[in-house]
Amino acid sequence: MPPKRLLNMKAANNKPYRPSVPAGSAMANKTGSWRTFKPIFDADLCIGCQRCQKLCPDGCILMAKNKVGQLKARPDYDYCKGCGLCAAECPVKAITMKK
Amino acid sequence: MTIPPKIQFLEGARAIALTIANIKPAVVSAYPITPQTHIVEDLARFKAEGKADYEYLLAESEFAAASIVLGAAAAGARTYSATSSQGLLLMMEVLYNAAGLRLPLVMTVANRAVGAPINIWNDHSDAMAMRDAGWIMLFAENHQEAVDLHVIAYRLAESLNLPVAINVDGFIVTHSFESVIIPDKKTIKSFLPDYQPALGTYLNPKEPITIGGFSSPENYWQERARLDTDLKKATNDITAAYRQWKKILPSQSAIAPRIDNGLIEYCGPAHPDTLLIAMGSMSGTIKEALKENKNIGLLKIRSFRPFPTESIRNIACKCRRVAVIEKAMSSGACGPLFADVASALPNFKGVISDHIVGLGGRDVSLQTIKHIIKSAAKAGLKFW
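Protein sequence lines, in the order shown, are assigned to chains P and Z.
Oh and the first sequence: position 31 is 31 in my numbering, straight run, nothing missing.
Numbers given in my numbering equal positions in the second sequence, counted from 1, plus 1000.
Think of the hints as simulated: they come from the structure by calculation, not from any bench.
Wrong hints could be hidden among the right ones.
[To be verified] When the alpha-carbon atoms are kept at most 30 Å apart in a straight line, the in silico BS3-like pairs for lysine-lysine are as follows: (1) P/K30 / P/K93; (2) Z/K1246 / Z/K1186; (3) P/K15 / Z/K1024; (4) P/K54 / Z/K1233; (5) Z/K1246 / P/K15; (6) P/K15 / Z/K1318; (7) P/K38 / P/K15; (8) Z/K1186 / P/K15; (9) P/K93 / P/K65; (10) P/K15 / Z/K1232; (11) Z/K1232 / Z/K1318; (12) Z/K1185 / P/K15; (13) P/K38 / P/K93; (14) P/K15 / Z/K1006; (15) P/K15 / Z/K1233; (16) P/K30 / Z/K1206; (17) Z/K1206 / Z/K1189.
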């Protein structure tokens, strides 16, 4: 038995054939499991400059307001591969990489 | 349909360029390389003179040119490119991607030797490098066939989502002059409708899709297997498209072929003693040799990929000797065409020989063919 497709190939039955998937289907692949080092965000030190959000190669850092209305960075560990760019670039050293 | 088509005396490259202009691609991109240059120079000139309205994009290399047409095709445009030799090798990564993404690229390959030593003349070494990429590969014998195959190529590419390469022998076809009929825009449109892929099958923000995404081991093999299946199935479409086009624009051959089905052309007796198998312009020379030898047959392979295994088997099983004449060499083994022919004839009892001719533009004369016919009684590989 050949294994089933992980993703539903949308155009599979269309003629002529083109392998394609709906936009956003990369979400199904939770790449966080590839991680060796995990970035730990210190909300007290974070100044909300958004630099880490802009340079995250996986686009998995979100900015959200806390209870007192300050902008803070929050990672999505489902997709963070632990590259450490955010920790290297943080101007106030609010992110540390832990094994 | 009462006006007879106009016969023009044209250079091969000009004939191809005029045909492409009438096919009306939306995007053309190429990087000049001998002997392909005249084709894309002409296309650039048509654009500059306001005779054509495609987007002509300058590229800094063949890799960029191939990537530009790949991107344009992914965005739903009809595209055209052309290259040769080292340029084709530089495109190689993009060629595999185009086939895997199932994009309907159409490209002319003006066949030329591959360095080193550097050589600008004709052989099929460059085409053989793209053999496994997953493209439909057609070989033209002369100017009219080159023109016909370009129109057919667009029909195949767009109806099957498979990229098509039309191989024309560098200089021998691209730089020589011959009588040729260029089909006009109306004739082409009757055979090849305007290209508009369905929404959701190409890159369009109205209905976004992902193509060429990451594929795991469970999925990758299925895509490659599907590509193989679809290429093999394309043999029927090639035959059908070829027959339909021949009804629209019949062409005359020096020798009336016994079989002419798009994949192959067979000239000669029904039961030939010796069968010569060849591709490209040297088929014309071999047809001359047939006039003096009544028991020799010529099987010209028009579609190298998909490979016409059935057709070859049907003809070759009737003869005692098969001589494969080809312009490429898989160094350390045998000729690539010979390998395919041999694997198509597993139970062949006769003598099968491989003749490597015309490497780097070495002339394939009538005399060469006569010598090959004589030596076809002995198996093995020979250089001429």
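Checked hints:
1. P/K30 / P/K93: This hinted pair holds, its Cα atoms lying about 27 Å apart.
2. Z/K1246 / Z/K1186: Within the cut-off at roughly 16 Å; holds.
3. P/K15 / Z/K1024: holds, 23 Å
4. P/K54 / Z/K1233: violated, 48 Å
5. Z/K1246 / P/K15: Between Z/K1246 and P/K15 the Cα gap is close to 25 Å, so the pair holds against 30 Å.
6. P/K15 / Z/K1318: Violated. P/K15 to Z/K1318 sits at ~39 Å, over the 30 Å cutoff.
7. P/K38 / P/K15: Not OK: P/K38 and P/K15 at ~45 Å, beyond 30 Å, violated.
8. Z/K1186 / P/K15: Judged against 30 Å, a Cα distance of about 26 Å means the pair holds.
9. P/K93 / P/K65: Within the cut-off at roughly 20 Å; holds.
10. P/K15 / Z/K1232: holds, 16 Å
11. Z/K1232 / Z/K1318: holds, 24 Å
12. Z/K1185 / P/K15: holds, 26 Å
13. P/K38 / P/K93: Cα-Cα ~15 Å, so holds.
14. P/K15 / Z/K1006: violated, 37 Å
15. P/K15 / Z/K1233: Answer holds: P/K15 to Z/K1233 is near 13 Å, not above 30 Å.
16. P/K30 / Z/K1206: With a Cα-Cα distance of about 27 Å, the restraint between P/K30 and Z/K1206 holds, given a limit of 30 Å.
17. Z/K1206 / Z/K1189: holds, 28 Å
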